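Following the hints, complete the assembly by docking chain Y onto the known chain W.
There are 2 protein chains.
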Amino acid sequence: MRLSQFHLHTTKETPADAEVVSHQLMLRAGMIRKLAAGVYTWSPLGLRVLRKVERVVREEMTNAGAIEVLMPSIQPRELWEETGRWEKFGGQLLKIKDRKDSWYAYGPTHEEVVTDFARQELSSYKQLPVNFFQIQTKFRDEIRPRFGVMRAREFLMKDAYSFHANEDDLGREYRNMYDTYGRIFTRLGLKFRAVVADTGAIGGAMSHEFHVLADSGEDALAFSTGSDYAANVERAEAAAPGPRGAATEAMRKVDTPTQKTCEDVAALLGIPLSRTVKSVAVIGVDPENNPRFVLALVRGDHAVNEIKLAKLPGLTEYRLATEDEIREHLDASPGFLGPIAPAKSILIVADRDVAAMADFVVGANEDGFHIAGVNWGRDLPEPDLVADIRNVVEGDASPDGQGTLGIARGIEVGHVFQLGGKYAQAMGMTVLDENGRAATPVMGCYGIGVSRIVAAAIEQNHDANGIIWPDAIAPWQVAVCVINPKGVEAVNEAAQALLRDLIAAGVDAVLDDRGLRPGAMFADIELIGIPHRIVVSERGLQAGTFEYRHRRASEAEQLDRDTAISRVTAG
Amino acid sequence: MRLSQFHLHTTKETPADAEVVSHQLMLRAGMIRKLAAGVYTWSPLGLRVLRKVERVVREEMTNAGAIEVLMPSIQPRELWEETGRWEKFGGQLLKIKDRKDSWYAYGPTHEEVVTDFARQELSSYKQLPVNFFQIQTKFRDEIRPRFGVMRAREFLMKDAYSFHANEDDLGREYRNMYDTYGRIFTRLGLKFRAVVADTGAIGGAMSHEFHVLADSGEDALAFSTGSDYAANVERAEAAAPGPRGAATEAMRKVDTPTQKTCEDVAALLGIPLSRTVKSVAVIGVDPENNPRFVLALVRGDHAVNEIKLAKLPGLTEYRLATEDEIREHLDASPGFLGPIAPAKSILIVADRDVAAMADFVVGANEDGFHIAGVNWGRDLPEPDLVADIRNVVEGDASPDGQGTLGIARGIEVGHVFQLGGKYAQAMGMTVLDENGRAATPVMGCYGIGVSRIVAAAIEQNHDANGIIWPDAIAPWQVAVCVINPKGVEAVNEAAQALLRDLIAAGVDAVLDDRGLRPGAMFADIELIGIPHRIVVSERGLQAGTFEYRHRRASEAEQLDRDTAISRVTAG
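Going down the list, the sequences are from chains W and Y.
Be aware that the first sequence starts at 1, since it is given in my numbering, and climbs by one per residue.
Be aware that the second sequence starts at 1, since it is given in my numbering, and climbs by one per residue.
Next up, chain W with everything else stripped away, as it sits in the complex:
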């Protein structure tokens, strides 16, 4: 491929309406053009990347035994009514009326269509298991499409749907897809993590999200430095603490006239924040469904996790207590609350780490005072309930006992899910089992945001000069840059010979024969993120060298021809 025969259109200016770096760089590199809100044309350059992502996904899905189909984008309302999603799916479902006044939707996902396909195609357990996948254009009518193709309305997705005779076989294919996703993101050259997307970690409706790691990611992830464990921070389990230490201090009341936060109290007393306890007053319900005042305790350096708290009995729909409710039960103002001697009967819920503390500090339930040297059992009753109610933090022990937790940000690009019998039941899909009886198959579904990966890869791989593609999805792996192509013919010939040899070595190579000045040419090649660059110049030819530079390297090197080629083929 010669760039002079290609259509490349880069710009120096950062578009004003692009908020995230991937959107900015895709526009500056000329990979996409906006047609409407959340609707983009992929330019020749952008499409090269998109197709490479698509190819890796297709190959790995096929290698894993999934079978490719192509389902329509236009889906009839009747199918969506069978599952009740015509109404329930909400505003993201783009509804369309045709010339005969029949209603359709532009498919945002294909559970209904694939189940309809399967109920016509599959009639016997002998045809199971089967996993149908497609790589196809979808539309979700986002209220606020943004970040370019990161959250577009029209987008390219790989979706797969598997059908099984029983949950065990679904579990087997789920693991197969989980492993396949790992291979896909590894081949794409991306740093990623699979995170548990639901707390029912083993069995039941198991679900994992695959995240590309990037500082700009929307989701905070906790991952073990010593194992595969990873989860959304909000859902990550805190490791159980060690046994409670023995009491060594006497309980004492301390003056904290203006110290309303654990940080201030710890600073005043000259103790670590982890020796203080934060008391959060909330209102739940008792078994008779009457309001119940609850004090939730976490260590001063921890934060209450609302999802975990809401899983406790009586707290499903808890709310924060009002100042009046607090005064009624504790006879104090927020900032001075604690579990010792409440004015009225309350429920004490302690995080597991709090239950393991000794010689700790809590509010005195008296404005202007805290109590230090507090110990469970000796100074107050054991907590009514001990549970994991906090967010994990960096450095926590991994809940699987291997290594400690780190925190990273991620962009969700894949999701695997055990659907179970939901769709097959709703749509009356059955197959005959071994005994000739009608049985409802169980399903799994497995999605990858193909177009989103392109943006996520940029969020993870860029610098001030532009994109830095992993070799596997670069528009080209190497640019052979010709200095002054209208000058000495031997330079052109050497460049073209080099291009041929690179292509013969299996490298996706492009010749930059546009005749730009070196500075402008190199800026383009860096902006569009070509990982390898070889410069062919008259001076180099005379010296018998080619200038090689990796996109991440700070300096160029003068190499002989074979060495330069081997740098590229080494990846």
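Since the hints were made in silico from the structure, they are not lab data.
The reader is advised that the hints may include incorrect statements.
To be verified - PhoX-like mimics (lysine-lysine), calculated; alpha carbons at most 25 Å apart, straight line: (1) W/138 x Y/52; (2) W/95 x Y/88; (3) Y/34 x W/138; (4) Y/95 x W/34; (5) W/126 x Y/486; (6) Y/95 x W/97; (7) W/34 x Y/126; (8) Y/95 x W/100; (9) Y/100 x W/95; (10) Y/97 x W/95; (11) W/34 x Y/422; (12) W/100 x Y/88; (13) Y/97 x W/97; (14) W/88 x Y/100; (15) W/34 x Y/97; (16) Y/100 x W/100; (17) W/97 x Y/100; (18) Y/126 x W/12; (19) W/126 x Y/34; (20) W/52 x Y/52; (21) Y/88 x W/97; (22) Y/97 x W/100; (23) W/486 x Y/126; (24) Y/34 x W/422; (25) Y/97 x W/138; (26) W/97 x Y/34; (27) Y/34 x W/95; (28) Y/95 x W/95; (29) W/126 x Y/12; (30) W/34 x Y/100; (31) W/138 x Y/95; (32) W/138 x Y/100; (33) W/88 x Y/95; (34) W/88 x Y/97; (35) Y/34 x W/100.
In this text, all values refer to a predicted model and were calculated from it rather than measured experimentally.
Okay, now just chain Y, sitting in the frame of chain W:
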């Protein structure tokens, strides 16, 4: 690939609602499943064929210098209003309102979108010429979708749009695309013809259609047996006849009491049909726009071509004359009309072949009589107008002077068109020319119905047992059929070794290891149209032979292994 790991679903029954053979066979082979009217899911088997067509189209377009992009399916109303097509396009345009009450269309074609893309991307003549193509899903809201994917609403199309500084360069690229289409359909293994789609054959808005030849085709095509000339029968030019022969008979009135057609008259008189003249009475307008009675004359074995007739002056919106009008002007009933001695002044328009006749037979303008031995000049004045007003017929000389015409039926699968400046003008797209002045580029557009080709290929290639794919687009080129795979293990091993060797030879091969009885297995393989079949059986292994059969062959052959493989690789 092993069929036991694939999803194949064939049926014996011909679906009642499938009218054409390609639709019937695609359903029976399980290539497609209907989701809604004109909306189909492509099964694993069908998709294999579709993707092979797509790949050939993509490769040849790329080789021809076109650059691939991907434009959205959802297009904003505002763009379509710039060209006036939001209203003009008609009911096929599927209009969509999003959640913010903005209007969009599901793209039936992409002239507006590509011109919008180009006006952002292209600013200088130096960027021209450029030809952008995509392979993308389109929707046309057909009133009567039918024939399966032949006339679907949602379909896959390759569309390309080129931009040029001038008409000459457009003509060059038009020729390039014309030649590329020839290479595409040749590689697909299809018999096809490019036909002139418009009479402005040279220059102007040139346009050609590409048709796959099939008896079931909707369009009748005339093609030269001696050259590339081809055209829709309705638009094909009749070759000029030789000079008029000399009069040898005397004019005489003949009794034709019940003979109202040329066929009956010729039979009665014992002369060839080509000696009779058919008179068709129509009403046009004279230069003052008053109604004008016109008698159009074609040879008895020819038919009036309505499109050609309507191109004559005063006949643009002609209609057939009523019986009253005929009696007023000719004083006779239909069946006995002729150009001699009309009751009132009329206009005589003779087809060129009629003007070249001598000693011919016409109606007498008197019920029950014809006149034979008629000669121009001697018995009646020369015609007022002589023109090509007939359909060509099989055996006509080709209008380019090379060979004679054959007539075939075709299915339109491609169209190349010189758009000129229409869209760029409407949308205000300009580039700077060599003198720095804003200039409007001219455009070409080039479409191929990718999904339609699959159906057209079947219409051309099938028999009573099913589809007969050309090797290039067969789901697999060869099926290695194992007889009794659960029997002798050596048979399985031999089949798998053969499969490996075929694949190593670059053949797309599949192993039928499903364990069906031979009859059912062979019926499936024939129905789904695999062009080559090799049977591996215990008996064959003992004899050292493999049973080879081409899908078109009447008999199977017992061949040694290498010969069997070479039959497949020979295509």
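Status of the hints after comparison with the structure:
Of the supplied pair hints, the one linking residue 138 of chain W and residue 52 of chain Y holds, its CA atoms being roughly 23 Å apart against a limit of 25 Å. For the suggested pair residue 95 of chain W and residue 88 of chain Y, the alpha carbons sit about 24 Å apart, so the restraint of at most 25 Å is met. At most 25 Å may separate the alpha-carbon atoms for a hinted pair to count; residue 34 of chain Y and residue 138 of chain W meet this at roughly 19 Å. Restraint check: the Cα-Cα separation between residue 95 of chain Y and residue 34 of chain W comes to about 20 Å, which is no more than 25 Å; the hinted pair holds.
A hinted pair counts as satisfied when its Cα atoms are at most 25 Å apart, and residue 126 of chain W with residue 486 of chain Y qualifies at roughly 16 Å. About 8 Å separates the Cα atoms of residue 95 of chain Y and residue 97 of chain W, which keeps this hinted pair within 25 Å; it holds. Of the pairs offered as hints, the one joining residue 34 of chain W and residue 126 of chain Y holds, with about 24 Å between alpha carbons and a cut-off of 25 Å not exceeded. With a C-alpha separation of about 12 Å, the suggested pairing of residue 95 of chain Y with residue 100 of chain W holds against the 25 Å cut-off.
Of the supplied pair hints, the one linking residue 100 of chain Y and residue 95 of chain W holds, its CA atoms being roughly 12 Å apart against a limit of 25 Å. Among the hinted pairs, residue 97 of chain Y with residue 95 of chain W is consistent with the structure: their alpha-carbon atoms are about 8 Å apart, no more than 25 Å. Proposed proximity of residue 34 of chain W and residue 422 of chain Y is supported: the alpha carbons are some 23 Å apart, at most 25 Å. For the hint pairing residue 100 of chain W with residue 88 of chain Y, the CA-to-CA distance comes to about 19 Å; that is within 25 Å, so the pair holds.
Of the supplied pair hints, the one linking residue 97 of chain Y and residue 97 of chain W holds, its CA atoms being roughly 9 Å apart against a limit of 25 Å. At most 25 Å may separate the alpha-carbon atoms for a hinted pair to count; residue 88 of chain W and residue 100 of chain Y meet this at roughly 19 Å. For the suggested pair residue 34 of chain W and residue 97 of chain Y, the alpha carbons sit about 19 Å apart, so the restraint of at most 25 Å is met. With a C-alpha separation of about 24 Å, the suggested pair residue 100 of chain Y and residue 100 of chain W falls inside the 25 Å cut-off, and the hint holds.
Of the supplied pair hints, the one linking residue 97 of chain W and residue 100 of chain Y holds, its CA atoms being roughly 16 Å apart against a limit of 25 Å. At roughly 20 Å between alpha-carbon atoms, residue 126 of chain Y and residue 12 of chain W fall within 25 Å of each other, so this suggested pair holds. With a C-alpha separation of about 24 Å, the suggested pairing of residue 126 of chain W with residue 34 of chain Y holds against the 25 Å cut-off. Under the criterion of a C-alpha separation no larger than 25 Å, the hint pairing residue 52 of chain W with residue 52 of chain Y is consistent with the structure, at around 18 Å.
Of the pairs offered as hints, the one joining residue 88 of chain Y and residue 97 of chain W holds, with about 19 Å between alpha carbons and a cut-off of 25 Å not exceeded. For the given pair, residue 97 of chain Y sits about 16 Å from residue 100 of chain W by alpha-carbon distance, which is consistent with the 25 Å threshold. Taking the CA atoms of residue 486 of chain W and residue 126 of chain Y, the gap is near 16 Å; set against the 25 Å cutoff, the hint holds. Restraint check for residue 34 of chain Y and residue 422 of chain W: satisfied, since their Cα atoms lie roughly 23 Å apart, inside the 25 Å limit.
Between residue 97 of chain Y and residue 138 of chain W the alpha-carbon distance is near 16 Å, which keeps this suggested pair within the 25 Å criterion. The straight-line distance between the Cα atoms of residue 97 of chain W and residue 34 of chain Y is roughly 19 Å, inside the 25 Å bound, and the hint therefore holds. Proposed proximity of residue 34 of chain Y and residue 95 of chain W is supported: the alpha carbons are some 20 Å apart, at most 25 Å. Proximity of residue 95 of chain Y to residue 95 of chain W is assessed by CA-CA distance (about 11 Å); at most 25 Å being required, the pair is judged to hold.
About 20 Å separates the Cα atoms of residue 126 of chain W and residue 12 of chain Y, which keeps this hinted pair within 25 Å; it holds. For the hint linking residue 34 of chain W to residue 100 of chain Y, the alpha-carbon distance of about 18 Å falls within 25 Å, and the restraint holds. In summary, the hint linking residue 138 of chain W to residue 95 of chain Y is supported, as the alpha carbons are separated by about 17 Å, within the 25 Å threshold. Note on residue 138 of chain W and residue 100 of chain Y: the hinted pairing holds, with a Cα-Cα distance of about 19 Å set against a maximum of 25 Å.
For the suggested pair residue 88 of chain W and residue 95 of chain Y, the alpha carbons sit about 24 Å apart, so the restraint of at most 25 Å is met. Between residue 88 of chain W and residue 97 of chain Y, the direct Cα distance comes to roughly 19 Å. Compliance with the 25 Å bound is thereby established for this hinted pair. A hinted pair counts as satisfied when its Cα atoms are at most 25 Å apart, and residue 34 of chain Y with residue 100 of chain W qualifies at roughly 18 Å.
The structure shown violates none of the earlier numbered hints.
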